[in-house]
Structures are given as C-alpha cells and as structure tokens.
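Use the sequences and the hints to build the structure in full.
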Amino acid sequence: MTNMMETAQAQLRELLMNALGALTAEGKIAAEPLPAFKIEVPADKSHGDFASNIAMASAKALHMAPRAIAELLVGAIGFEGTYFEKAEIAGPGFMNFFLRKTWFADTVQAVLTDTDNYGKSEGGKGKKALVEFVSANPTGPMHVGNARGAALGDGISALLEWTGWHTEREFYVNDAGNQVAKFGKSLSLRYLQLCSEKGQAVMKAHANDADAIAEAIYGEDGNSADFPMPDDVYLGRDIIVHAANYYFQNGDALAKLDEDARQKALADYALPLNIEGLERDLKSYRVVYDNWFRESKLHADGSVDRIIDELTRRGFTYEQEGAVWFKAEQFGADKDFVLRRANGIPTYIVPDIAYHMDKLVTRNFDKAINVLGADHHGYVPRLKAALKALDVDTDRLDVVLMQMVMLFRNGQPAKLSKRSGKAIGLVTLLEDIPLDAARFFFNMREANSHFEFDLDLAVEKSSQNPVYYVQYAHARICSILRTLKEEGLYVDSTPIRELPIGEVPQEIELIRHIAAFPAEIAAAAKVYDPSRVTKYAMELSSLFHKFYDACSVKNAETPELREARTAICRAAAQTLRNAMAILKIDCPEKM
RNA sequence: GCGCCUUUAACUCAGCUGGAUAGAGUAACUGCCUUCUAAGCAGUAAGCCAUUGGUUCGAGUCCAAUAAGGCGCGCCA
0 MTNMMETAQA QLRELLMNAL GALTAEGKIA AEPLPAFKIE VPADKSHGDF ASNIAMASAK
60 ALHMAPRAIA ELLVGAIGFE GTYFEKAEIA GPGFMNFFLR KTWFADTVQA VLTDTDNYGK
120 SEGGKGKKAL VEFVSANPTG PMHVGNARGA ALGDGISALL EWTGWHTERE FYVNDAGNQV
180 AKFGKSLSLR YLQLCSEKGQ AVMKAHANDA DAIAEAIYGE DGNSADFPMP DDVYLGRDII
240 VHAANYYFQN GDALAKLDED ARQKALADYA LPLNIEGLER DLKSYRVVYD NWFRESKLHA
300 DGSVDRIIDE LTRRGFTYEQ EGAVWFKAEQ FGADKDFVLR RANGIPTYIV PDIAYHMDKL
360 VTRNFDKAIN VLGADHHGYV PRLKAALKAL DVDTDRLDVV LMQMVMLFRN GQPAKLSKRS
420 GKAIGLVTLL EDIPLDAARF FFNMREANSH FEFDLDLAVE KSSQNPVYYV QYAHARICSI
480 LRTLKEEGLY VDSTPIRELP IGEVPQEIEL IRHIAAFPAE IAAAAKVYDP SRVTKYAMEL
540 SSLFHKFYDA CSVKNAETPE LREARTAICR AAAQTLRNAM AILKIDCPEK M
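Residue numbering for the first sequence is 0 to 590, as defined by numbering that gives the first Met the number 0.
Some clues are possibly wrong.
[Stated by the list, open to error] With a cut-off of at most 20 Å between alpha-carbon atoms, the simulated DMTMM-like pairs for lysine to aspartate or glutamate come out as follows:
| no. | residue 1 | residue 2 |
| --- | --- | --- |
| 1 | Lys-525 | Glu-167 |
| 2 | Lys-184 | Glu-121 |
| 3 | Lys-417 | Glu-459 |
| 4 | Lys-181 | Asp-231 |
| 5 | Lys-100 | Glu-84 |
| 6 | Lys-525 | Glu-160 |
[What the hints assert, rightly or not] Just the calculated beta-carbon pair ranges, DEER-fashion:
| no. | residue 1 | residue 2 | range |
| --- | --- | --- | --- |
| 7 | Pro-587 | Gln-199 | 50 to 56 Å |
| 8 | Gly-218 | Pro-271 | 54 to 60 Å |
| 9 | Asn-207 | Pro-271 | 18 to 24 Å |
| 10 | Lys-460 | Arg-305 | 41 to 47 Å |
If you're looking for bench data, these hints aren't it; they were derived computationally from the structure.
Since we're looking at a predicted model, the values are computed, not measured.
Here a beta-carbon is modelled for each residue, glycine too, at the ideal position from N, C-alpha and C.
The structure is reproduced here in structure tokens:
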C-alpha cells in the first residue's frame with residue numbers, strides 16, 4: 000500500500016546522501032563519518048514540507064558552520080525528476096524542502112487507488128499477535144472499566160491488523176477457582192432466601208418477574224434486614240435474578256441438598272448464562288472475539304499442576320509453612336510468591352502462568368498483548384519472572400496498563416445510569432449514550448492517563464462533541480458529492496496528475512495530512528495507542544472543514560478545478576472512513 | 001517504607017524518536033449562510049510547561065532530587 004510521506008522522505012534522504020557524496024568527491028567537504036540526521040515535517044508550514052537538521056548535525060564532524068554546509072548541499076542537490084522543487088536555508092542551518100504539485104496529486108491518486116486499504120502497511124507481516132482484553136469476571140456484569148478496555152483492546156487489535164499482523168482477539172474466562180466458589184455460595188444464599196417464608200411472600204407478590212423480585216430482595220444495598228448477606232459474597236441483583244430463574248424452572252429441590260451440591264448446581268446453571276451474556280453484550284459493543292479461552296481447561300488438562308512441577312524440577316521453588324513458593328526475586332520480581340497454598344490449592348497466578356505458556360509456547364504467538372487495569376501493574380513483573388524461569392523471552396509479552404475511568408454528569412461524578420437508575424456498567428452506559436460516542440470517547444485518551452468521561456458531552460449533538468464533528472465532516476463530503484452528481488457536475492475522467500491539485504493552502508494542508516495517515520497508523524500500532532487515530536480523525540476533519548470554507552467545489556472557477564477538488568473530497572472521505580473503520584465507528588452519509 | 005503512573009491556559013487535554021515564536025477544544029466576546037450541510041469557518045484573550053539542578057549547539061521532551069495527587073506491594077483475583 001502506498002505511503003507518499005515515506006516515499007518523499009526516502010527520496011529526499013537519497014538526494015542528500017548523493018549530494019554529500021558528490022561534495023566529498025570534489026573535496027569540498029572533509030571525508031568524515033557523519034552522525035545520523037533527521038528528516039521531519041516542520042510544525043510551521045512556512046518552513047516547507049520537510050526539514051532536515053543534517054547541516055547542524057554534521058557541523059562538529061566537518062569543522063564547518065552549519066549554514067556553510069547547508070549552502071554547499073543546496074547547490075549540489077539535483078531536483079530534476081523528483082518530488083521536490085527547491086530547498087531553502089533557515090535559522091541556525093535548517094534545510095527546508097518544498098514539494099512539487101505532482102506529489103499532492105499522487106497522494107490523492109494513492110488514496111483513490113487503495114480505497115479501503117489506504118493506510119495499511121506490512122510491518123507485521125508473517126507474525127502472529129494475540130490481544131487479550133476485558134477478560135471480565137464471569138460472576139457478574141461488566142463495569143465501565145471493561146468498556147474502556149473493550150474499546151482499547153479492539154482498537155489495538157485493529158491497528159495490528161492494519162500493519163500486517165495476524166491478530167487474534169481473546170477473552171480469558173475465569174471459570175474456575177475461588178471466585179466461582181464465591182459465586183456458587185452467593186447464589187446458594189439467595190436461593191435459600193427465596194425458599195424461606197419471607198422469600199416466598201416476595202415471590203408471590205411479584206408473580207414470575209425475576210427482576211422485580213430481585214429489586215425487592217436487594218433492598219437499599221443488597222443487604223436488607225429481611226434478607227441479610229455475609230461480607231464475603233457477591234451482593235448484586237444479578238445473583239438474585241439467577242436464583243429466582245432457577246427456582247422458576249426447578250422449584251425448591253436444591254434446598255434439601257447439602258451446601259456443596261447446591262452451590263455447584265447453581266454455579267453450573269448460572270455461569271454459562273453469564274458467559275453468554277458477556278459475549279452478547281460485547282457483541283452489541285461491536286467487539287467480536289476469535290477465542291474464548293477457559294481457565295477451567297488449564298485445570299482439567301493438568302497444565303496448572305505442570306507449571307508447579309516444572310518450576311520445582313528446575314529448582315526454582317521451596318517450601319515454607321506448608322506452602323510452595325516460587326523464587327521470583329531471582330528473576331527480577333520484587334519478592335517471592337506462593338504457588339501452592341498450604342491447603343493444596345494453587346494461587347491465581349499459576350493458571351495465569353499456564354495460560355501465558357499456552358499463548359507463547361503452545362500456540363506460539365510472536366506477541367501476547369494484555370490490556371489490564373492499572374491496579375494490576377504489580378502483578379506483571381511476577382508473571383514475567385515466572386515466564387523467564389520457564390525460558391520464555393518476556394519481551395514477547397507486552398502489557399498495556401489502563402487507568403481508571405471517572406464518569407461525570409453536570410460536572411459531578413456519576414454513579415447511576417440516567418435511564419435505568421442502575422449502577423453504570425457497560426450495558427447501562429450504552430443505554431445512556433450512543434455506541435459510536437462510547438467507542439470514540441474511550442479511545443480519545445491514551446491508556447495510561449486517567450480518563451474523565453463527560454456523559455453530557457457524549458450525548459450532545461453539536462460541534463462540541465468530537466464524534467459528531469468527525470461524522471459531520473464525512474456527511475458533508477458525501478453531501479457535496481451527491482449534489483455534484485444530481486447536477487451532472489461529477490467528473491472523474493481526467494488523470495489526477497493532470498488536474499490542478501494543491502492550488503491553495505487549505506488544499507495543501509488537507510492533502511498533507513491525508514498523506515500522513517499510513518505513517519500515523521503504523522506509529523499508533525507500534526505503541527498500541529488507538530487514541531492517535533481519534534486525534535488524527537479530529538485533525539483531518541478540522542482541515543476538511545477549513546478546506547470546505549475556503550474552496551467551493553461546485554462553484555469552482557474552472558471545470559478542471561472542480562474535478563480536482565472532487566477528487567480531494569473523495570480522498571478525504573475515504574481516509575476518514577478508514578480511520579473510523581479502525582475504531583469501528585460509523586461514518587453516516589447524511590446527518 | 002519500597003515500586004509504578006500523573007503534573008502543560010480558568011476547565012478537559014495534544015505536543016511523535018530533544019529542534020526554529022508551546023497547540024486544540026470548552027467557557028467569553030466579534031464577524032461570516034439569496035452560493036456544495038452554520039452539527040461549519042475566521043478573529044480577539046489566556047501559560048515561571050509543578051519546583052530545583054544537570055546533560056548540549058538546543059530541553060515541555062532526556063537524567064537526578066523535591067513537592068502534590070492516584071495506584072500497587074495477601075497462602076484475594
């Protein structure tokens with residue numbers, strides 16, 4: 000796929016190297032090894048399209064003033080047949096280079112040729128990445144942090160795909176261990192409450208409505224005087240709903256069983272329902288996973304036990320107070336930690352180690368990327384220490400830490416959904432704000448910054464809302480093209496290089512930014528940061544609106560100019576669509 | 001106590017691998033639609049880039065210390 004920015008940069012670098020070579024051959028400059036120099040896009044447009052610090056960087060080695068070097072270079076460069084028409088020397092010795100119009104025309108042509116693939120690159124070709132994100136506990140509904148994780152993880156996955164990686168999205172299902180036991184216990188308690196006299200009264204009062212029953216039993220805080228709950232269980236309404244539904248289907252038979260059997264039966268009933276629910280809710284958020292990897296599999300096939308055995312075999316464990324410890328300090332972690340408790344049950348990290356061995360060894364992904372809440376940052380060095388002890392190159396595991404989300408409404412922290420009045424989770428959030436807004440907003444800030452989510456702004460249909468600003472730009476372009484077609488003014492028959500493209504500053508600015516798209520995507524993928532895509536889209540939209548204001552397409556001075564601007568519009572719309580496609584946000588043709 | 005993150009305009013944030021006068025949006029005020037979507041554009045205002053030192057041709061950007069805020073350091077996950 001075409002990257003005109005890169006093409007121009009490579010050409011410029013070659014021109015400079017050739018000029019240097021020629022000057023050295025002529026003896027005009029000393030034959031010294033020169034330090035690396037940079038070619039970059041200056042912030043100030045009057046400084047040209049590209050600038051190089053080559054003269055300043057080489058000053059020391061050549062024992063010459065930067066400006067003198069620059070002057071020699073400018074004289075030695077042959078611009079014929081290239082994308083560049085001239086160079087200027089500025090400031091302390093910067094060299095500023097100016098592009099010819101053909102470069103702008105070729106950029107527009109590249110977008111129209113590549114269409115939906117414009118911006119893709121192949122840096123990751125032949126390599127496999129596994130992106131694990133959300134992995135919410137299946138014992139309850141997803142919270143707002145999961146919504147951010149979902150948008151972020153999905154965006155990172157898309158960026159990797161756009162840069163050539165074979166990418167799989169994965170959800171790690173914690174369907175084993177302590178929290179499942181706690182889940183069963185919670186369900187059992189609620190179930191027994193429903194079977195009690197008071198519970199039966201509530202059931203009768205609310206007929207077969209599980210939600211209404213849950214509301215009544217839940218009371219103020221899930222721990223009412225009539226239906227008290229201990230400290231170490233899940234209190235949520237969803238637990239009561241499960242218990243009630245089970246009761247509707249199977250009656251009170253479980254009340255007569257012993258506690259363990261009842262907990263297991265209820266967990267076996269409710270857990271699959273929750274997992275289906277997670278899948279459904281994420282799908283409605285436009286997140287579709289390739290794999291749902293179950294923790295229980297790692298227990299069932301012996302992987303978990305094998306981790307402890309293998310670390311022991313290698314001499315990296317010891318026993319203390321009846322527990323098995325891993326010598327993590329030896330592998331760079333802050334302190335040793337327990338692998339197997341005195342009661343014989345492995346700690347949570349052992350299945351995690353087994354899981355990552357599965358990712359990196361069994362399935363042999365080149366990269367495993369985990370999107371985690373920042374509160375897990377202490378856990379990362381421990382996991383890496385264990386992987387290192389098992390001979391895995393820990394650079395293959397990249398962790399993207401994500402800071403907390405704070406929801407705001409009317410400038411105040413918001414806890415409850417406006418519409419349903421329930422706690423704001425992923426599902427209730429989408430009741431309150433449009434899907435596109437959620438996906439856009441959660442990708443506006445980089446992962447590692449605290450995020451204040453303004454709920455009022457997200458629903459606002461105005462210029463203040465960045466999602467609408469971007470979508471409006473696209474709809475506006477579509478409207479222009481529609482009008483041209485209706486009036487028979489839409490023409491795309493002339494080769495783009497023959498059109499007058501890049502006549503005014505607003506056109507140039509817009510095309511320059513369009514040309515930067517492929518590099519921006521590659522850079523965003525490299526640092527796992529989809530927020531660069533939202534920023535790019537906002538900037539592109541802004542440049543289009545400015546172009547729109549300055550350059551009429553329909554009423555262009557000449558038919559050639561109209562055709563040129565039509566092509567620019569099409570290229571801008573295409574680029575905007577591609578950026579939004581990465582984030583899975585719609586680009587409506589009308590608003 | 002140890003470790004990680006954050007600190008840029010009144011508010012929310014950009015500032016890519018150090019580069020030429022530090023940028024947006026919001027809020028305030030002023031212009032621009034008989035002409036392709038005014039959900040837009042243009043203009044006016046605001047900043048010891050937390051503090052102090054260091055590295056160099058050059059620091060918001062790199063290093064060190066300090067301060068304030070957030071988080072983590074379990075035989076919880």
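Against the structure, the hints come out as follows:
no., hint, result
1, Lys-525 to Glu-167, "holds, 17 Å"
2, Lys-184 to Glu-121, "violated, 51 Å"
3, Lys-417 to Glu-459, "holds, 15 Å"
4, Lys-181 to Asp-231, "holds, 8 Å"
5, Lys-100 to Glu-84, "holds, 9 Å"
6, Lys-525 to Glu-160, "holds, 12 Å"
7, Pro-587 to Gln-199: 50 to 56 Å, "holds, 52 Å"
8, Gly-218 to Pro-271: 54 to 60 Å, "violated, 28 Å"
9, Asn-207 to Pro-271: 18 to 24 Å, "holds, 22 Å"
10, Lys-460 to Arg-305: 41 to 47 Å, "violated, 56 Å"
Checked against the numbered hints above, the structure violates hints 2, 8 and 10; every other hint is satisfied.
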